[in-house]
Structures are given as structure tokens and as C-alpha cells.
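J.: Sequence:
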Amino acid sequence: MGIRDSFLFRLFNSVQDADGQEQTAEEIIGDVIEQVTEAERQAAEHLIKEEASLPPPGVKELELPWDHALIRLYDLWTDQTGEHERLCLYLEGVAEDKVDKELKRLERELDEEAKKRLKEAIPKQPEKTEEKAGEDASGELDVLAALAAMDNPEGQEALPEEEPVKPEEPVLDALPYVFLSSDKMAAWLMVFPPVGGGKEADQEMLMEALREKEITFGISEKLAADFSDGAELYFRMLKAAKGEEAVQGKDGYIVDSFPRVVERKFEVDEHDRVDYASLNLIQNAEKGDVICEAVPPTKGITGSTVLGQTLSAKDGKTVKLPKGRNTEISEDGTKLLALQAGHVEFNNGSFQVKTVMEIDSNVDYNTGNINFLGDVHIRGDVCSGFTVRAVGDITVDGVVESGNVEAGGELVVVKGIVGDRDSVVKAHRDIYAKYLENSIVHTKGNLHTDCILHSDVYCDGEIKVCTGKGVVIGGKLRAARGMEAKIVGSKSGSPTVVKLGGQPCAEFEKKLLVKENEDLKKEMAKLEKQPESPSRTTRMNKIRLDLSVNGMKMNRFEQDMERIKDKLEKQGGIRLRCQIAYPGVSLSVGDEKSQLTRETSSCNARLVEGEIRWS
Numbered sequence: 003m004g005i006r007d008s009f010l011f012r013l014f015n016s017v018q019d020a021d022g023q024e025q026t027a028e029e030i031i032g033d034v035i036e037q038v039t040e041a042e043r044q045a046a047e048h049l050i051k052e053e054a055s056l057p058p059p060g061v062k063e064l065e066l067p068w069d070h071a072l073i074r075l076y077d078l079w080t081d082q083t084g085e086h087e088r089l090c091l092y093l094e095g096v097a098e099d100k101v102d103k104e105l106k107r108l109e110r111e112l113d114e115e116a117k118k119r120l121k122e123a124i125p126k127q128p129e130k131t132e133e134k135a136g137e138d139a140s141g142e143l144d145v146l147a148a149l150a151a152m153d154n155p156e157g158q159e160a161l162p163e164e165e166p167v168k169p170e171e172p173v174l175d176a177l178p179y180v181f182l183s184s185d186k187m188a189a190w191l192m193v194f195p196p197v198g199g200g201k202e203a204d205q206e207m208l209m210e211a212l213r214e215k216e217i218t219f220g221i222s223e224k225l226a227a228d229f230s231d232g233a234e235l236y237f238r239m240l241k242a243a244k245g246e247e248a249v250q251g252k253d254g255y256i257v258d259s260f261p262r263v264v265e266r267k268f269e270v271d272e273h274d275r276v277d278y279a280s281l282n283l284i285q286n287a288e289k290g291d292v293i294c295e296a297v298p299p300t301k302g303i304t305g306s307t308v309l310g311q312t313l314s315a316k317d318g319k320t321v322k323l324p325k326g327r328n329t330e331i332s333e334d335g336t337k338l339l340a341l342q343a344g345h346v347e348f349n350n351g352s353f354q355v356k357t358v359m360e361i362d363s364n365v366d367y368n369t370g371n372i373n374f375l376g377d378v379h380i381r382g383d384v385c386s387g388f389t390v391r392a393v394g395d396i397t398v399d400g401v402v403e404s405g406n407v408e409a410g411g412e413l414v415v416v417k418g419i420v421g422d423r424d425s426v427v428k429a430h431r432d433i434y435a436k437y438l439e440n441s442i443v444h445t446k447g448n449l450h451t452d453c454i455l456h457s458d459v460y461c462d463g464e465i466k467v468c469t470g471k472g473v474v475i476g477g478k479l480r481a482a483r484g485m486e487a488k489i490v491g492s493k494s495g496s497p498t499v500v501k502l503g504g505q506p507c508a509e510f511e512k513k514l515l516v517k518e519n520e521d522l523k524k525e526m527a528k529l530e531k532q533p534e535s536p537s538r539t540t541r542m543n544k545i546r547l548d549l550s551v552n553g554m555k556m557n558r559f560e561q562d563m564e565r566i567k568d569k570l571e572k573q574g575g576i577r578l579r580c581q582i583a584y585p586g587v588s589l590s591v592g593d594e595k596s597q598l599t600r601e602t603s604s605c606n607a608r609l610v611e612g613e614i615r616w617s
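In this text, residue positions in the sequence shown follow the numbering used here: the first is 3, and each later residue adds one.
I should point out that these hints are in silico values taken from the structure, not numbers from a laboratory. From a predicted model like this one, the values you see are computed outputs, not experimental measurements. Don't be surprised by glycine CBs; every beta carbon is placed ideally from N, CA and C. There may be inaccurate statements among the hints.
Here are the simulated lysine-lysine pairs, DSSO-like style, with alpha carbons at most 30 angstroms apart [what the hints assert, rightly or not]:
id, residue 1, residue 2
1, K252, K215
2, K595, K517
3, K555, K513
4, K544, K517
5, K244, K103
Label pairs and their computed distance ranges (CB to CB) [said to hold, decoys possible]:
id, residue 1, residue 2, range
6, T539, G351, 25 to 33 angstroms
7, R615, L522, 42 to 50 angstroms
8, S604, H379, 36 to 44 angstroms
9, R546, E594, 36 to 44 angstroms
10, R615, N543, 53 to 61 angstroms
11, D424, D366, 12 to 20 angstroms
12, K106, M207, 23 to 31 angstroms
13, K117, E63, 35 to 43 angstroms
14, E594, D422, 30 to 38 angstroms
15, N557, G254, 49 to 57 angstroms
Start from the sequences and build out the full structure, keeping to the hints where you can.
T.: Put into C-alpha cells, the structure is as follows:
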């Protein structure tokens, strides 16, 4: 609402002030607002001043009884000066568990100091003379004066009145009081105000008070400079000095790169499905990998009380690296390194690297899949659906039953391999197995077994079925350097395909690559029909990358196959040798193929002048 719309403006369009000058309603209202605003400003300033003197949140304040000497001294000061500053009796920076004890000490010391100050500050009555003392003793003059006043009511000359003698007001300078904490780690300062025109507190006075208390460390340089108004300095506990706590050195400790206790962690795929066979219990380390690291201890840092007393500090203790078998400590002594690749295990207070991982049971849901950088020795079976991979050799005392096994070295299966036409057994060197049945076997070395039944074999070396029954019945067997067995085929004419020469493992990998590309293209076609989403875009980008990488691999395979094809003519030494070969056996060497139609003994089939001969 504007001034011209106000009630006063409509009631009094203009009035006259005390001097007879005419005032409009706007001027009257403006004066009233100015007076109100000034009052509000003063009230706000007082409120801000009061809030500034309150203790911080959580800081306990000393409460004194009304008859405490400090309260009496404070009341005397306010009566004499008109100042009304709030008493600020709290010790900021004191630990919560010590504040009550320190406040009790402060109360006792303040009572003692305030009593001394109060005794000096109260005005002293003047000493009476002997003459006055005599008159007071007799009282005669007072009585006579009273009688004279009664007898002379008309104003006759009376006895002269004696002027009262004023008490002698003392003159006292401001007096700093220093309170020292019981642990000598902090000091506070409060100043008693001057009396009777005494000297106000200044920085020199405050510093002298601290020197008298032998406070030399951690003194606040802003103590005096921050208080230009003496009233803001009086009756307040101000932090004058702060000590420095000693910092004890921290002990050294070990930072592990491999957990000491391996927890089972299930892997979840992009469809939120859990693979319960993957427990991630194997901790592989390469040679030179850091197993753990020792963080050195820190030096202790000495402290000081406000009295300059040194507080000693201890240095931290060094920690010993838990060195175990197949590990070594680095030259600087801070790291534990693996001496060779293997499985990292913490046992009996030390880390050790096992180059042979011992599995004393079956590979099943208790162990999960195995993926190890060293050798693996499984004393049981590899159960269906589980995978074992190792950079080194793999030894299985039992059976590989429809499991996936891949060895970077040799593979030994004591009781044989039984497949389901989906699982694959691979080795980068030789494979030794009691038998193969309905299995897919892939080896870049030689294959040694007693019996092969209806299996697919890819061998870059030589297939040898010469021990035990030495029987090969059914399936497809591919060997780059030849094959030898006791019996190939069966009397019932089971189809048995033998392909010699070439590079079977590369052909196998190419076959897998072709299938993978087909699956990726099918998935891409399905994704293209789905609506746009971040997960769809991410997956499509991943498929495109995989297809591009697979394309480069395919080109490499094609080039390798061309080189191998050129050498087939020089592979005349490749042959199939067996004691008996039954009809149903098909032999291929390069592009040449021959079907055996009759039982043949002492078979030595090979490629001669572009033709396969069974002699």
C-alpha cells in the first residue's frame, strides 16, 4: 500500500510541527518509519552481539552462583560503567571427557582471583581523626545540634552542617588472569577491567601476564589485536595459547594384491544369469607379479605444551613381509614378488606360489571351474559341465566326463575321456588318455591312447593307438603326421574316417570361427529388430568388433591353408599303419580319398604318385 493510500494520509493531509512549519502526511510517516528503523537496527545489533558471545554448539559454559565473587565484581563494573557485556565463561577446545573437570578448576581459581580483585576495587572509607572519634564517642555535638534546631524554628543561626566525606575510590589498572589446563596443552586469558580510571588492557600487558605464567609456545598473535574495544575483552575466557600434541608414528602394514582368504564369487552374465560353476577360487600370478607390499612405518612427531615442554613420540614399527615358497623380496625390501607363474595361496602365515595346483577331489560344484597359470593335478574326475584350463600340464587321475579341458602343456587322463559331442578336450602338447569315447579331442602334439570310439580327433602330430586293445572304431580322425593302431574299423563296418596331412588344429579352429561368426550374425539380425536402447547399442558395437577380429583371423587361416596345400606333395612319408583294417574305413591324404572294401592285414596305407595304396 502506498503512502497516499494510507490511513494517516487520508486523515491528515497536512499538519504543523512544533515550530509552526507545515508537515505533510508523507513527512510524518517518514519520521515514524525512521525512528522504528533505528530502534530495530539497535535491537538487531544487540542481538548479534549477544549471539556472538554465546558458546559454540556443544561447548559447555561455566555457570556461577549469584554470590560468586566474580558475579559481584561483574555487577560492580556494570554499575560503574553502564556496560552490559555478557559473561563468557567457556573453554573452547577442551575434550568432552575433560571439560567438567577443567570447569571446576576454573570456578575455584576464578573465585580466588575475583575475591582479591573485589577487595581492592571496593571504595575505602576515610580514616577518622582523633577529634572526630572523640565527638562520635560522646555524641554531645549531635544532640546539641538537634536541640538547637528544635529551639530555633524561625531560622535563627544554627550549628553548621558537616559535609559527608566520600569514600576513597581506588585506581586499578586492568588485570589479566591466565588459566592453564591441567595437561598444560592450552591456556586461556580473562581480563578484569580497570577501576577508577586505571589503565586499559593492551597487548604488552597481556603478553607480560603470559610470560609470568611461563607460557612460551603456541601463543595467539591475534589475542590483543582482535579486541580494539576494551569492553569486548573483559570478563571473557579467550584462548591465549595452544600446545601441539605429539604424533605417534604409525606401524608399517601389508597391502595385499591377492586376498588371503578366497571367497566364492559367482559370475553373472549380461542377462543376470548366475554361472554356479565359476567360483573364481584360483589366484593366478605371473612371474614377477607383486603379491603384497609393505608400507613403511612413519616417524613420530614430537609435540609441546604451552610451557614449552617437549612431548616425546615413538616411531612406528616395521612389518615383515610374509615370504613363502616360490616368492622373493624386491631389492628395496618393500615388495613380495612371485618367482614363477602359479597359484598364489596364503597358508601358515605366508604367501606361496604353487606351480602345481592340487585338487584332492572331483572338479564339481565344490571347486568350480579351474583356471590356473601353472600345472594342475586333479585326483578325482572332471564332472560334466565344468571347465579346467591351465597354462601348464593337466593331470586327471579319474575321468573327464563331458567336461571342457584345455592344457597349455601336456594332458594326462588316467581313466579316459567320455564326451557328449559338445565338450572339447584340448592340449598344446601331447595327450595321454586311457580311452576316448564320443569325444572331441584337439592336440597340437601327439595323441597316445588305448582305444578310440566314435570320436572326433584333430592332431597336428601323430595318433598312436598301440597299447592295450589298440582299437579305433567310428568317428573322424585327423592327423598331420600319420596314424598307427592295432585295429582300425570293425567287422560290422562302422564308418571310420581317417584324414592325414594338412593342419588339423587350424582346420578345427577355422570351423569354430565359422560357427561363431554365424551365431554373431544371427544375434545381430535379432538386435536390429529390437527398439533402440543403450544395452542394444553396446551389444551391437561389441558384435561388430568381434566380427571384424574374426574376419582377420579367417584371412590368416586361408593363407596358412594355401601354404600347407603346396607342401602336400612333399608329405609322402605320411601313412596309416595298423595290423588289421576293416571295410568301412575311409582314408584321405590331401585331396586324395580311398574307401577300404575288404579286410586288410598289416596295413601300411600311404600316398604314392598321387594314389593311395593299402599295401
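J.: For the pair we were handed, K252 and K215, check the Cα-Cα distance against 30 angstroms.
T.: Roughly 35 angstroms separates the two Cα atoms, so the pair is violated.
J.: Is the straight-line distance between the alpha-carbon of K244 and that of K103 30 angstroms or less?
T.: Holds, at about 18 angstroms.
J.: Would you say the C-beta atoms of N557 and G254 sit inside 49 to 57 angstroms of each other?
T.: At roughly 55 angstroms between Cβ atoms, G254 and N557 fall inside 49 to 57 angstroms, so the hint holds.
J.: Take a look at whether the Cβ-Cβ distance between E594 and D422 falls inside 30 to 38 angstroms.
T.: 33 angstroms, holds
J.: Just to be sure I understand the hint, the distance between the Cβ atoms of K106 and M207 should be within 23 to 31 angstroms; is that true here?
T.: 28 angstroms Cβ-Cβ, so the 23 to 31 angstroms window holds.
J.: Can you let me know if the beta-carbon spacing of R615 and L522 is within 42 to 50 angstroms?
T.: 45 angstroms, holds
J.: Does the beta carbon distance between D424 and D366 stay inside 12 to 20 angstroms, or does it fall outside?
T.: Because 18 angstroms falls inside the window, the suggested range holds.
J.: Holds or violated: are the alpha carbons of K595 and K517 at most 30 angstroms from each other?
T.: Between K595 and K517 the Cα gap is close to 26 angstroms, so the pair holds against 30 angstroms.
J.: Does K513 sit within 30 angstroms of K555, going by the straight-line distance between their CA atoms?
T.: 12 angstroms, holds
J.: I want to verify a distance hint. Is the separation of the beta carbons of S604 and H379 within 36 to 44 angstroms?
T.: Holds, since S604 and H379 (Cβ atoms, about 40 angstroms apart) stay within the stated range.
J.: So does K117 sit 35 to 43 angstroms from E63, Cβ to Cβ?
T.: Violated - the Cβ-Cβ distance for K117 and E63, about 21 angstroms, lies outside 35 to 43 angstroms.
J.: Do the beta carbons of R546 and E594 sit within 36 to 44 angstroms of each other?
T.: 41 angstroms, holds
Taken one by one, the earlier hints fail for this structure at numbers 1, 6 and 13, listed in ascending order.
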